[in-house]
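Asker: What follows is each chain in one-letter form.
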Amino acid sequence: MFDFVVIGAGVIGGMVARELALSGGSVCIVEAMGDVAMGATRANSAIVHAGFDAKEGSLKARFNVRGSEMMEGVCRDLGVKYKRNGSLVVGFTDEDRETLAELLRRGEKNGVKGLRIVEREELLSIEKNIGEGVKYALVAPSGAIVCPYELCIASVGNAMDNGAELKCNFKVTKIEKIEHGYRVFAGESYVEGAVVVNAAGVFSDEIAALVGISDFTVHPRRGEYMLLDKECGSLIGHTVFRCPSKMGKGILVSPTVDGNLLLGPTAEDIEDKSDTATSAAGIASVRAAALEQVAGVNLGKVITTFTGLRAVGSTGDFIINMKDGFINCAGIESPGLTSAPAIAEYIASLLGLTRDKTKNPTRRAAHYFRELSTEEKNALIAKRPEFAHVICRCETVTEGEILDAIRANPRPSDLDGVKRRTRASMGRCQGGFCSPYIVELLARELGVPFTAVTKCGGGSYINIGRTKEN
Amino acid sequence: MELINNINCELVIIGGGPAGMAAAVAAYDAGLRDILILEREGALGGILRQCIHNGFGLHRFGEELTGPEYAARYEDMVREREIPFMLNTMVIELSEKRVITAMNSERGIFTVSAGAVILAMGCRERPKGALGIAGTRPAGIFTAGTAQKFVNMNGYMPGREVVILGSGDIGLIMARRMTLEGARVHAVCELMSYSGGLARNIEQCLNDFDIPLLLSHTVVEIHGRERVEGVTIAEVDESRRPIPETKRYIPCDTLLLSCGLIPENELTKMAGIELDRVTSGAVVNGDRETDIPGVFACGNVLHVHDLVDYVSEEAKIAGEAAVRFIRGEAEKNAGIKLTVDGRVRYTVPQRIEAVADTKVYFRVSDVYRDKKIVVRDGERVIISKRKQKLAPGEMESVTLTKEMIENAGESLSFSIE
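Residue numbers (the numbering used here), protein chains in the order written: chain A, 5 to 474; chain B, 12 to 428.
By construction, these hints were calculated from the structure, which means they are not laboratory data. Among these hints, one or two may not hold up.
Keeping only pairs whose Cα atoms sit at most 27 Å apart, straight-line, the calculated DSS-like set for lysine-lysine is [to be verified]: (1) A/K132 / B/K280; (2) A/K381 / B/K343; (3) B/K348 / B/K258; (4) A/K381 / A/K85; (5) A/K327 / A/K305; (6) B/K280 / B/K108; (7) A/K87 / B/K108; (8) B/K370 / A/K305; (9) A/K85 / B/K280; (10) B/K383 / A/K234; (11) A/K327 / A/K178; (12) B/K280 / B/K343; (13) A/K234 / B/K108; (14) A/K363 / A/K171; (15) B/K280 / A/K381; (16) B/K413 / B/K383; (17) B/K383 / B/K108.
Coverage of chain A stretches by chain B, computed from C-beta distances (three or more under 8 Å per stretch; other residues unrestricted) [said to hold, decoys possible]: (18) 220 to 226; (19) 299 to 310; (20) 328 to 335; (21) 404 to 416; (22) 450 to 459; (23) 463 to 471.
Owing to the predicted nature of the structure, the values given are computational and were not obtained by experimental measurement. All residues carry an ideal CB built from backbone N, CA and C; glycine is no exception.
Excised from the complex, chain B in its bound form:
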């Protein structure tokens, strides 16, 4: 059978992880039928497939699920609706005309002309090379997610004596996971004076196992020719420079890195879509629509989320908006920009239109206690919300009413005061 290598499809979703699946389900439930999910791995589910710990779904399903269980809920929804998806399919190009070039073994290289596109490619981990740690480059240095794949998917142990650099959530989860598998985690070093991970993960993954979290510490040198033999760690001063007197050697065979996640926006860049320098994701409006009409983004490709529940929520917005776009029902008006003071690092969306009440997500740049989240329209305060604690690891949100947006000048500013 000769396969047609130029497909037309109303809605193409790039990525079959939690964001992609939730977007597809939302689009289907809004009445669209011509949907295609393109997934590079051999199964739907994305990174959740290797996240076998629990804690997923409290907001979305009101119960605690493991990653694979959460993914299975959405995969079931996709299958019940018979939404088409292609696995082992890699998208290699995206044009500004919404033409996607992809490849898989059944079709070879093929193109899909899409009425609308939803970007849901997720994110990747910051590698060792980007951190500029001095010393050798032996085996035994893994990003936490790679180690997680080895342990949970392949069933192999990457090491016995472990030091973790960075206290992102995957690092915290892997501290516990490696401990449960019989490894000894000597320390989790965090360059900043606070952890970027969720408070509950610090409690359940470190404190419950007596694993020390060394704040304001970093790894200054890696030792070992063939395999890691140890690391030198040190405390850092206020400008994050290592303090020489505090240097200390920890023998270990494994260094895990959990030093940040980077949205995978290579396709987005290829299409010429405007990116936000802070989130490394696309600049979007309330519909999660990028500056190319009909191209939407959601999930960790847009900004790194702390909870998958929020990914699903965001994907639903994008999925429903894509359907309105395809039907020509999208309401458009001038819209306004959202600006931040630096204490608020970014907002998503970055611009909004006065079409409905809109929930705006954001993250803060430091730990703040007993402060107010303030939204101003020019000089006028329109929202002031007191919070006991704000932390970079936890995503925050405020809802702007349609009326606030309608009455706003050119922009609304977000600050912590």
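Chain A with its partners taken away, still in its complex shape:
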């Protein structure tokens, strides 16, 4: 029996599992999909929110502000890209001005530092490309950006480096209460844990229902995004939010830690918990809003569009509680990413855990090669020549980096897994040149046939067989 079973390997499950592993407990993470970071963690705005949105006294406010304080250190420990670029909430009307004032008041009550409202003239000195109709902005210097899937991969990896076990393709179908804990089933196979943490994202209500908890539901809220070429990444420095509405924080325009420009998301409540399709209407509304907020967004430079699902809880707040050794972390919508380290810290404290000093809370950055000096790179290349073989030309990712990623915890088993870990095929050609090479590397490293390599697990095969055989 494990001390802890964590259901769901998103950023919440990952950060919680890491904290549990660092306390010295035995941890098993079970994940329904073929890789970690496959739900809301994979596709969101990648923002470390300052903390002025959430209602004072809410769990959202508490964990947001604490998470925002913790994030830089956590990212440093885990080698995850993080940048405190500050955020702006822009207003177009006098009504928006009122909303901004309300956000300022709320932010100050939540303990957010440095907030102020500026008018257009000053705003232009902060961001010269701000949209023409923008009159006001709330400036939040503590806003930051981070790479969400990288944070998740690193936290699961760090948990595993400290002894945690990861079981992918483990879709929980039944949970039995047993003496001193729970038996968590995926079909016939099961794992046992003294404590179970439910971090199953949009599915966390269904997991809770398996132990008879039915006082909340979670529904997916679809958000569509567009990602622009790195050429556009310096158009703005801050994350530019639109004045919020009841559907969320509105569409944002933000640089990413990797230097791209991100536009989105829409906010559309849907039923299907796996519907990540994009729509013509969604993309059109992202375009329109982005152009209003920031001048000179070049929509000809879009390299991809994607959709994420936020896990919206029925209570309006995060649902974090513990009963009989079953812990819910449900309804973790925005600011969930920001809150992740704080939620992990809180759960450890709920369980009365402290860190075991013999455990290692740090992990080498996935992108460490890129940060080396030329001399250091050459020293490494002399030992491992594969670091001089560029596989992904758009993002300059070498074979050495890809091999390291394939061999490191948590090991990827498909093309998208390699992409999230290394950025190979995440650039402007979107894998046109490098994907055949990565398929080869994966097949070789995993010891599987070329045709067994998939895009993202399951039936997402890339090739159907040899030529001349079909």
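Following the hints, position chain B against chain A.
Answerer: Using the frame of chain A, we list chain B on its own:
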């Protein structure tokens, strides 16, 4: 052995595809010996290596060759001349001072200070993400060139039931290739009312195999969670908006994209070289010299060509001009600009100097029948050439005599009338 990591070289050519090799051969034949080709792949030849169909070389060699055969002709010329080249070598930086930073496993990261540089990096395909097609993002969506690599280089089939979006030449070639390998190509959808591919490819790759070419059609939605299960296509109106009543679902497991090629000018941008917004390549003069003296460009990195024969021709111009530059023999004068009317989308070169008769290449923006290509010096028509048909897929050219250029005012204008 300690390798020296700061090399000096008179002429460095970035890219060992058809453009790079032809430029190197031309420079050698003009008497230059200190030449280095840097190639990122494990072999010379560039994209031709995967183009195993024929149709290459009719102009250049007067015979029909396959892509690998055409590339081999030039590789043989490079090897006969013992022109040095480095394979598996990626150029990661180019400075305006013509210093190149590159990496390979033998030398690690090293720099080359070049007397002259020829950019010959080729182009890439426009990916799915740039097209903004609604729907899911399953496996089974490939650019035509990626599918071509899987089939021709790796020997694997990417799918069985295929729809192709875009009728660029690689898409047309892959329609035939997939059919020959046993796949069924249901349709080639082309957003425009004409194909951007060569007429001969439409004939030989689609018509000969009864593959329908649906002009003014696009893919409006992709279906399938894990692997493509189908696409919804629709006809588009004159402003290229899908017409809802014409929507139709085609079950398929593969969507191939042939929606345009983009010159790979990241290094060019890094060096601060001026680019042409239409070609996405450098702005060059008759020598194919960019606005940084001693940096030349040729082949698909400069503008996308329809025939490799023209790439070789252009590379020869750049190679010979680079030698004149290195020797300080380049003739310079004020030069003039070439302007276009929009019907003529662009010209290459974009500016010319009155040093010799100069062939100017261009493409048109639509299909025109029985029109004239007109070149004017101010109000005065200096060339008027009637053409039965002009199409965006076929590159056109006119030759300006040295005299015309000498007599010209500040610019010469190109139009279709």
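Asker: Now tell me, hint by hint, if it's right for this structure.
Answerer: We went through each hint and held it up to the structure:
{"no.": "1", "hint": "A/K132 / B/K280", "in the structure": "23 Å, holds"}
{"no.": "2", "hint": "A/K381 / B/K343", "in the structure": "43 Å, violated"}
{"no.": "3", "hint": "B/K348 / B/K258", "in the structure": "46 Å, violated"}
{"no.": "4", "hint": "A/K381 / A/K85", "in the structure": "20 Å, holds"}
{"no.": "5", "hint": "A/K327 / A/K305", "in the structure": "50 Å, violated"}
{"no.": "6", "hint": "B/K280 / B/K108", "in the structure": "14 Å, holds"}
{"no.": "7", "hint": "A/K87 / B/K108", "in the structure": "33 Å, violated"}
{"no.": "8", "hint": "B/K370 / A/K305", "in the structure": "33 Å, violated"}
{"no.": "9", "hint": "A/K85 / B/K280", "in the structure": "26 Å, holds"}
{"no.": "10", "hint": "B/K383 / A/K234", "in the structure": "42 Å, violated"}
{"no.": "11", "hint": "A/K327 / A/K178", "in the structure": "18 Å, holds"}
{"no.": "12", "hint": "B/K280 / B/K343", "in the structure": "25 Å, holds"}
{"no.": "13", "hint": "A/K234 / B/K108", "in the structure": "24 Å, holds"}
{"no.": "14", "hint": "A/K363 / A/K171", "in the structure": "22 Å, holds"}
{"no.": "15", "hint": "B/K280 / A/K381", "in the structure": "25 Å, holds"}
{"no.": "16", "hint": "B/K413 / B/K383", "in the structure": "22 Å, holds"}
{"no.": "17", "hint": "B/K383 / B/K108", "in the structure": "43 Å, violated"}
{"no.": "18", "hint": "220 to 226", "in the structure": "violated (count 0)"}
{"no.": "19", "hint": "299 to 310", "in the structure": "holds (count 5)"}
{"no.": "20", "hint": "328 to 335", "in the structure": "violated (count 0)"}
{"no.": "21", "hint": "404 to 416", "in the structure": "violated (count 0)"}
{"no.": "22", "hint": "450 to 459", "in the structure": "holds (count 4)"}
{"no.": "23", "hint": "463 to 471", "in the structure": "holds (count 9)"}
Figure legend: structure checked against the earlier numbered hints; hints not met, in rising order: 2, 3, 5, 7, 8, 10, 17, 18, 20 and 21.
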